[in-house]
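Chain B with the ligand: place on chain A using the hints.
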Amino acid sequence: MKKVGIVEVTQSPGAESSLSLMEFTYKTVKELLDKVGMRRDEVDTYVMASSDVLHSGMSCANSFDIDATGGFLKPFSRTEGDAITAFVYGCMRIMSGNYDTALIVGLIKGSENADNDTITSCFADPFYSRPTGINETTAAAMQMRLYLQRYGITEEQCAKVVVKNLGNALFNPYTHIKKRVSVEDVLGSERICDPLKAMECAPKSDGVCAMLLASEEKAKELTDKPVWFKGWGASMDTFYLGDRDLLDTPLKSAAASAYKMAGISNPRKAIDMAEICEPYAFQELLWCEQLGLCGQGEGGKLIDSGATQMNGSLPVNPSGGVLAMNPYVSRGLYRVAEAALQIKGKAGEHQIDKKVNTALAHATYGFCGQWQGVVILGS
Amino acid sequence: MAEEKERPRTIEAVGTAPFEMALGPTWTRFFEGIKEEKIFGTRCKKCGRVLVPARPFCPRCFEPMEEWVEVAQEGTIVTWSYIDYTYFGLEDDMIPVVPATIKLDGTDTSWWGVIGGFDIKDFDLVAKKVKVGGRVKAVWRKEKRGCVQDIEYWKVIE
Ligand SMILES: [Zn+2]
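One line per chain: the protein sequences are A and B, in this order.
For reference, each letter of the first sequence is one residue, going 1 to 379 in UniProt numbering.
For reference, each letter of the second sequence is one residue, going 1 to 158 in UniProt numbering.
Just so you know, not all the hints are guaranteed correct.
To give an idea of the chain A side of the interface with chain B (calculated C-beta under 10 Å), a few residues [as the list claims (entries may be wrong)]:
#, residue
1, Ser20
2, Cys60
3, Asp115
4, Asn116
5, Asp125
6, Pro131
7, Gly133
8, Ile134
9, Ala139
10, Gln143
11, Met144
12, Lys178
13, Val181
14, Asp194
By construction, these hints were calculated from the structure, which means they are not laboratory data.
Bear in mind that the values here come from a model prediction, so they are computed numbers and not experimental data.
Backbone N, C-alpha and C fix where the C-beta goes; we use that ideal spot for every residue, glycine too.
The shape of chain A in the complex, shown without the other chains:
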């Protein structure tokens, strides 16, 4: 298998920007090209990820955004769903041997569109589900109740995820929510969808993330510290929530594919740090279980042990995660970028203490994590 290296990444801040989407995207892509010293026409191929209609107010949104990606009149594609798939698409293009460099960009201005749950209620079919008021938050709340009941996970353990991630976010200059909170603050926040509390739900953020990928030779030419693409897996469950066990998600099979490709047999030993997509606090614990980073039903013990803290044995979301910054669509690419920065040793104030050889980046969307994707990166 041909090697693909991440050369460089850039990211925008997550707070509401007064720039137009065009300016906002251009700024981050231009910063990337300047960092690697390339002109837009010198990049071989482009893959962008953006969302149509409800997340952007435009249909075939890339017809407008393309100018700011720099990709027009170049071999260009766009992915729907989470931007982590644009990353993988770019890797595959380089692995084909036809391209030496690929520019990946995920973009969204969450501050410009309707409330998250107005949009997520449209994930539901209009025949059976939508009329009963289902959306991503209510589905997550039902999943959380099952999780608490089946495994005896406590609300305090879920709240600790918020405390940890928002605490980490204070050291990340790009993140949207900057606030030190306590377990009491989280437990005392509004019970918007029992047992989910307001502070356990991710915000809605702006976010452009850009990344330059290169073939092995080219990557070594462009940077002294390339980060290598090692593995990928994705899986999606059936649509009907009632047909699924909400605590047995497709993340297990997505992770199994990614570990197999990366040659990992014991993820607990092999993974040095993880960036996990946790739009709802308890999901970080559940996803850690499904990723095999702890045993089934042991997500609560994992957070209690301190292992997932910035200075723990398996730091999870040193960037602050999605609870601190939630640019829908591009949030998965942010996870890859943050994992890459940790391997490069360039995460700045939120760089973890230990050396990172192998890192995991995760993305999810849909009710109760219907779609799951896992990327493994290596030094």
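Only chain B with the ligand this time, still in chain A's reference frame:
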């Protein structure tokens, strides 16, 4: 391209577009049953599961589902929540809502419904009455439109 301190102009854009989506023969038949206060599922000849609402094919076996079965209107709560916040499209007078997934007796899936029939504004009362594993039954509206809202709510069986 610096961010300006004073907020630049924004433009409000609202889009409305009608869609007309086909129900298909399976779901049409299902909703005809609903009009007559009957809940139909379909049984898979391969795995034997009964799925509700009725499906044209079994997603797991990928075989057509041709056997129709009328299922019970009582079932068990798998999980539930309490919606007590608003967003665009969900107004103050529409909350709270108590959504639940309900496994109807004799079926192999659960169905999404809302629990009602008592003062659901009182959360403590809801938490007392609504339990995972608790029993509920369908309460029908008098006027039917052949849609899922024809089941007005699911009543807790004490
Ligand atoms: Zn079957």
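Hints, one by one, checked against the model:
no.: 1; hint: Ser20; in the structure: holds, 8 Å
no.: 2; hint: Cys60; in the structure: violated, 14 Å
no.: 3; hint: Asp115; in the structure: holds, 4 Å
no.: 4; hint: Asn116; in the structure: holds, 7 Å
no.: 5; hint: Asp125; in the structure: holds, 9 Å
no.: 6; hint: Pro131; in the structure: holds, 5 Å
no.: 7; hint: Gly133; in the structure: holds, 6 Å
no.: 8; hint: Ile134; in the structure: holds, 6 Å
no.: 9; hint: Ala139; in the structure: holds, 9 Å
no.: 10; hint: Gln143; in the structure: holds, 7 Å
no.: 11; hint: Met144; in the structure: holds, 8 Å
no.: 12; hint: Lys178; in the structure: violated, 17 Å
no.: 13; hint: Val181; in the structure: violated, 19 Å
no.: 14; hint: Asp194; in the structure: holds, 4 Å
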